[in-house]
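Undergrad: If you read the sequences in order, they're chains P and E.
Sequential numbering of the first sequence, starting at 1, is according to full-length UniProt numbering.
Sequential numbering of the second sequence, starting at 1, is according to full-length UniProt numbering.
Any given hint might turn out to be false.
[Unchecked claim] Listed next, the stretches of chain P that the computed footprint assigns to chain E, with coverage defined by at least 3 CB atoms under 8 Å from CB atoms of chain E:
# : stretch
1 : 15-25
2 : 71-79
3 : 184-194
[Claimed, not checked] Output of the computed footprint for chain P on chain E, the stretches with three or more beta carbons under 8 Å from beta carbons of chain P:
# : stretch
4 : 37-43
5 : 55-67
6 : 337-345
[Unchecked claim] List time: in silico DMTMM-like cross-link candidates among lysine to aspartate or glutamate, alpha-carbon distance up to 25 Å:
#  : chain 1 : residue 1 : chain 2 : residue 2
7  : P       : Lys302    : E       : Glu257
8  : P       : Lys109    : P       : Asp127
9  : P       : Lys58     : E       : Glu97
10 : P       : Lys109    : E       : Glu257
11 : E       : Lys270    : E       : Glu97
12 : E       : Lys329    : P       : Asp105
13 : P       : Lys109    : E       : Glu310
14 : P       : Lys302    : E       : Asp81
15 : P       : Lys109    : E       : Glu331
Hint data in this document are derived by calculation from the structure and do not stem from the laboratory.
Glycine residues also receive a C-beta, built at the ideal position from the N, C-alpha and C atoms.
Number of protein chains: 2
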Amino acid sequence: MSADPLVPETRVLAVASHVVYGYVGNKMATLVMQSLGCDVSPLNTVHFSNHAGYRQLKGTRATADEITALYEGLCQSHLTDFDVMLSGYTPSAAAVEAVGAIGQDLQRKAEKNPGSFFWVLDPVMGDLGRLYVNDDVVPAYKKTIKHADLILPNQFEAEVLSGIKITSLSTLAEAITVIHATYNVPHVIITSVQLSKLPESSSAAAAQSPNNLTVIGSTTKSDGSPRLFRVDVPALDCFFSGTGDMFAALTVARLREAVFAAGPQLRTTKSWVSPDDVKAADLPLAQTTVKVLASMHSVLEKTMEARNAELVATSGQVNEQLDAEERQKQEHLRHTKAAEVRLVRNVQYLRNPVVEFKVQEWRTEDLPAQLR
Amino acid sequence: MSADPLVPETRVLAVASHVVYGYVGNKMATLVMQSLGCDVSPLNTVHFSNHAGYRQLKGTRATADEITALYEGLCQSHLTDFDVMLSGYTPSAAAVEAVGAIGQDLQRKAEKNPGSFFWVLDPVMGDLGRLYVNDDVVPAYKKTIKHADLILPNQFEAEVLSGIKITSLSTLAEAITVIHATYNVPHVIITSVQLSKLPESSSAAAAQSPNNLTVIGSTTKSDGSPRLFRVDVPALDCFFSGTGDMFAALTVARLREAVFAAGPQLRTTKSWVSPDDVKAADLPLAQTTVKVLASMHSVLEKTMEARNAELVATSGQVNEQLDAEERQKQEHLRHTKAAEVRLVRNVQYLRNPVVEFKVQEWRTEDLPAQLR
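Take the sequences, apply the hints, and build the full model.
TA: Here it is in structure tokens:
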């Protein structure tokens with residue numbers, strides 16, 4: 001018998017999108033957290049047929065009032081005993097504010113017991129240089145994340161939140177420092193930084209790791225300064241939807257596990273901020289990131305194998321008689337479907353990660369001058 | 001290493017309710033089927049804060065048009081490669097018809113490959129002698145179930161569908177026979193018949209099994225006559241919500257497994273109807289029912305233990321100063337929450353059932369005259 005692969009009992013309020021087919025948003029996050037033993041309450045901000053990567057979808061968006069009413073429904077029946085809230089895609093500025101109000105209400109309910117409630121916020125606004133939400137969602141997030149314990153922006157979202165264009169490793173460090181300071185948010189992970197694509201890091205870093213993804217995180221010290229750590233993982237040559245949601249969900253489960261493993265002191269500390277003598281690479285957040293990325297790497301590797309097999313099996317399925325534009329659309333649908341993350345039959349990699357990545361403390365002053 | 005506990009790969013379109021907190025409808029069914037390895041696409045007919053057992057809830061119902069639009073969204077992106085549809089609670093007659101149209105469209109898409117699509121329909125209309133849907137939902141179901149492959153009425157719903165009051169074992173057999181014939185539905189399971197409560201079976205059956213629940217099922221022969229089987233399980237002294245949904249979801253996974261185990265012939269037969277020489281107790285449906293009930297029994301036993309512990313831990317939580325009515329309401333909420341099925345940390349009982357119940361062919365002519 002192997003050790004119990006489940007994390008400590010954890011009740012999670014998960015606020016994000018729902019899709020009938022495929023794995024993004026709550027559809028991804030719920031199963032990931034449940035597989036690790038969390039009791040998940042999914043409050044769905046949209047109900048779509050499929051994710052936006054297909055470039056067409058049908059369904060409905062919840063209004064801010066509908067989101068608030070669902071939460072009031074929980075309150076009136078005393079169903080708010082959540083240990084963690086994970087909030088993700090929210091379709092409008094008013095809805096972001098409604099979710100923000102839920103987070104703050106849960107914090108108020110828990111304020112007599114520091115550490116008994118923790119809010120992980122994924123500020124879903126855009127990617128790869130462009131916003132995919134309305135402009136007014138940005139200020140709504142800027143207000144809301146001041147209350148979160150951990151945020152998980154991607155590189156572009158970190159730029160939006162910090163106001164700093166990330167063009168080098170030192171501007172990346174600067175962006176994290178600014179985010180900690182501006183929003184008073186104790187934990188940050190910037191998911192998926194492609195260092196090799198940073199123009200100023202063209203020499204050493206790029207040469208060392210042409211196909212690496214880098215994840216950078218930090219937990220503040222008591223003076224507000226960052227404790228930066230870094231994990232490099234091999235990038236897979238395929239675009240998958242829902243990986244941000246998988247990252248966030250695994251982080252919820254593994255961070256709670258790491259904080260419990262650190263002993264009763266930390267988990268009764270507000271926002272689970274480790275004492276100043278804990279080094280960056282030893283932070284629960286750093287240990288969490290390593291496990292999360294290991295699980296993700298295996299699931300995505302299995303997904304890529306299955307995708308390749310499906311693309312072979314379905315090649316020639318698109319009617320050659322169609323005009324070029326329609327054929328391209330059908331090919332896009334076929335490729336997008338084939339790349340849906342294969343989660344259900346690979347949950348063992350969530351429970352028992354098989355690869356091991358290394359986390360290192362990350363000090364910009366150690367870098368050669370041209371990379372800083 | 002134990003054998004792989006997952007069932008054959010199965011894509012399921014699951015149409016039922018969603019609740020943020022607790023386990024009923026799709027919230028129950030999705031996790032149950034996923035735990036056994038099914039790839040589930042949940043199309044949610046309602047989005048409620050909690051189940052109706054709390055006697056108060058907030059949230060929204062999907063209209064028939066919204067349900068239809070979600071399905072059209074799947075169709076336009078070719079995301080309808082489902083092996084099974086499981087349809088449950090649907091909030092209006094128009095919505096039942098919309099779900100019926102989806103089932104029939106999926107059947108049309110599969111008609112060149114008999115057995116490649118199977119529709120399990122839980123005609124959720126009421127329980128314990130009363131309807132909890134609008135009156136017009138009944139005729140909508142009566143029209144719809146003519147297209148289903150397997151239906152899962154409880155005792156009351158079987159009475160509504162057959163027009164026969166089930167007051168004895170022979171009227172129960174008669175009801176199933178009538179349902180097969182009237183609706184041309186090849187598989188029926190009547191979940192939770194309390195034989196000891198049937199007035200005419202007060203002597204022998206009741207004496208043998210004062211606290212048993214009986215599940216009766218049947219797959220037709222080629223002449224339309226029933227092949228009846230029966231499984232008795234010890235009843236647990238507690239009311240749980242969502243058990244019908246758990247039963248339905250486990251049945252989807254285990255029936256597909258049993259049909260695959262029966263060999264390629266059966267699974268390429270329309271509606272998976274076994275040849276006439278297969279005895280009632282050897283039917284895939286009968287073997288399925290045994291496994292399903294074994295899993296359920298363990299999960300509900302664990303739930304009852306956890307419920308009892310929670311009730312002890314929260315006793316005295318309700319303010320004694322409240323007036324009698326309000327105190328009663330608060331006590332009801334406390335008891336309802338405590339009885340939520342403990343699914344997440346008990347999925348091993350879904351995967352590897354540990355108890356073994358017996359299935360027997362059930363012939364009314366074998367019974368003493370007073371029980372027929």
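Undergrad: Against the structure shown, which of the earlier numbered hints fail to hold, in ascending order?
TA: 3, 8, 10
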